[in-house]
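Peer 1: In case you want the letters, here they are:
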Amino acid sequence: MSWKIWSLKKSPWVFHVNTGACNNCDIEIVNLLTPKFDVERFGIKLVGSPRHADALLVTGVVTRQAAPRLQEVYRQTPKPCVVFCIGACACHTGIFRGAYHVVGPVDKIIKEIDPNAIIAYVPGCPPKPEAVISGVVKALSTL
Amino acid sequence: MGAIFEERREEKDKDMSETLQNLFRLLFWILIFPGFLFTACFGLIASWIVRKVSALVQWRVGPPFFQPFYDVIKLMGKETLIPQEAQRTVFMGAPLVGLAGVLLLSTMLWRITIDQTAFVGDIIVAIYLMTLPSLALIFGSSASASPHAAVGTGREMKLVMSYELPLVLAFIVVIIKTGGQLSLAAIAQQTPALSISGMLAFLITLLCIQAKLGFVPFDIAEAETELGSGVLMEYSGALLAVWKVTQAMMLVALPLFLVMVFLGGFGTSLWTGLLTGVGKYVLIVVLLILIKNTNPRVRIDQAMKFFWFYCGIALAVAIILALVGNTYGIGWL
Amino acid sequence: MNQEELNNKLAEIKDKLIDIEQKANNRIYLLCEAENSYAVNKFLFEDVPLRFVITTGIDSDDCFEILYHYAYDQTGCMVTLKAFIRDREKPAIESITPFLPAAEWIEREIHDTLGIDFKNHPNLRRLILADDWPEGVYPLRKEVKR
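Residue numbers (this note's numbering), protein chains in the order written: chain X, 1 to 143; chain L, 144 to 476; chain R, 477 to 622.
Chain X on its own, in the form it takes in the complex:
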């Protein structure tokens, strides 16, 4: 395993993207980053710019308006990076399947511009913060 991936696993900085969610998953992500769950033990830090990020926490079913913007944010994240689909809507459009404004779950939009993207799924509606931590740690351990 190259030193780049090794150091990525030791210090994953996350950036949160909302592509049209009902905000439940966003609240759970904000809860995750409070001192109660202490994700700084794993080196996880919330950053304010996608250019500093290693992991994108994407919530929400991707609406038609948000799709090109999600692709732009992904392009601005320096590779190597991991995309986490948080919540049922991001994994497979959840309860909004078939609605008029939905252009598809997150992995379909990301794979349009980068077929080799590393994508991890954390289902739940919304997933508990413990579930998100478990998903992040499991995904990083398989890299």
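Heads up, a few of these hints could be off.
Straight-line distance between alpha carbons at most 25 Å, and here's what the computed DSS-like set of lysine-lysine pairs gives [stated by the list, open to error]:
#, chain 1, residue 1, chain 2, residue 2
1, X, K45, L, K195
2, X, K36, L, K195
3, X, K4, L, K435
4, L, K435, X, K79
5, X, K45, L, K155
6, L, K301, X, K36
7, L, K157, X, K45
Just some of the chain R residues that point at chain X, by a computed CB distance under 10 Å [said to hold, decoys possible]:
#, residue
8, E509
9, N512
10, A515
11, V516
12, I604
13, L605
14, A606
15, W609
16, E611
17, V613
18, L616
Which residues of chain R face chain X? A partial, calculated answer using Cβ under 10 Å [what the hints assert, rightly or not]:
#, residue
19, P615
20, E619
21, V620
Hints were generated in silico from the structure; no laboratory data involved. A virtual CB, placed ideally from N, CA and C, is assigned to each residue, including glycine.
Mind docking chains L and R on chain X? Use the hints.
Peer 2: Chains L and R alone, transformed into the frame defined by chain X:
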């Protein structure tokens, strides 16, 4: 005749080897000890101490010991993205200028501490070098061609203008108290903080250092929740690693400067001097951490009013007290 | 006013309505045609007075219905005005924004999704549909398939 030529050639050879030796020694000082390698490692360990103590204050565990090193290594391994409309030379050169400034400052201060190799006016050189990282930040972020970075640049400029004045006034207080000497080695022999004006100047300089390091309550430029990471928004990869190392090295150089100017430096004997010096350094870092963890972020207009109005008046009083104390020989004023 | 007095007050505008239905003790429906909706809304908002909650739009098979929901907080009664728009080709109704500025955005949303034209609306632009959504396709109409 041949003997004279031989002598001259020997002298030239000796000169050459001496300059070469000097060059190597200088490179060793700047790059390894106490220069880049030493300061960077010490700075990353100090930034770990800041994060760990902040975590313990918040009743959580905090990052493992090598976390800042992992951060820097990871940043070196990411690709560097440069915005299309950014001014490339300034964008890429600004972090290096900031690094050079803090590197030279740290080397100079450690050399003065270890070897007493000071020169007259070195406190002025130190103040000048201290502003280089902030200026580099302003230049780098304004070359970013991003509206968030532009707002961050404006705020950082105002912040720098606010705290430079009290900083210089505080150093004037120290210079008055130590009898008008402009040499750090001489100032480091005395402890100006053990007097009213000195203590006032020390506390205000502590807050200015807090602003210079970009700690709460003065981390206006990199206000994460407001500006999406503000000034450093467009930096990524290796350039961001340079900024992080620069910030870590400032965490070494600036409290060391405070220790030398206000608290009496490291002393002359080896082991007791080292212990007391490190103790004073740790005291200042702990004060910075405590202020950082117990305060909210202030707005830029509040910061300007605080530094210019309140600190300015307090320092004017301190200068008057110092002058009075100096002329009448009262030590504790 | 208690509930009885509210019922009497609402009966004052009976001549503009088709019917008044009281489905439960605190749930009243007033039915009217689209032409009278402006006058009835003005009466409900200013003369009774009731608190405006929201507007909804329904695509029934033979007409459009615009429902204006009002609340009477003293008794917890919800009063809903149902306005029928009979013309399905060019549905139009008068906007209540002139005396109720809070209704501006919800009427924009109904216009986006159902295609109903609100006359005298100060700012009838696109609100919630994507920028590249085709004009003239109103997604919440029954005939629009996915």
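Peer 1: For each hint, tell me whether it holds in the structure or not.
Peer 2: Hints, one by one, checked against the model:
no. : hint                : in the structure
1   : K45(X) with K195(L) : 14 Å, holds
2   : K36(X) with K195(L) : 15 Å, holds
3   : K4(X) with K435(L)  : 32 Å, violated
4   : K435(L) with K79(X) : 33 Å, violated
5   : K45(X) with K155(L) : 58 Å, violated
6   : K301(L) with K36(X) : 36 Å, violated
7   : K157(L) with K45(X) : 56 Å, violated
8   : E509                : 30 Å, violated
9   : N512                : 32 Å, violated
10  : A515                : 35 Å, violated
11  : V516                : 32 Å, violated
12  : I604                : 8 Å, holds
13  : L605                : 8 Å, holds
14  : A606                : 4 Å, holds
15  : W609                : 7 Å, holds
16  : E611                : 15 Å, violated
17  : V613                : 9 Å, holds
18  : L616                : 8 Å, holds
19  : P615                : 4 Å, holds
20  : E619                : 13 Å, violated
21  : V620                : 7 Å, holds
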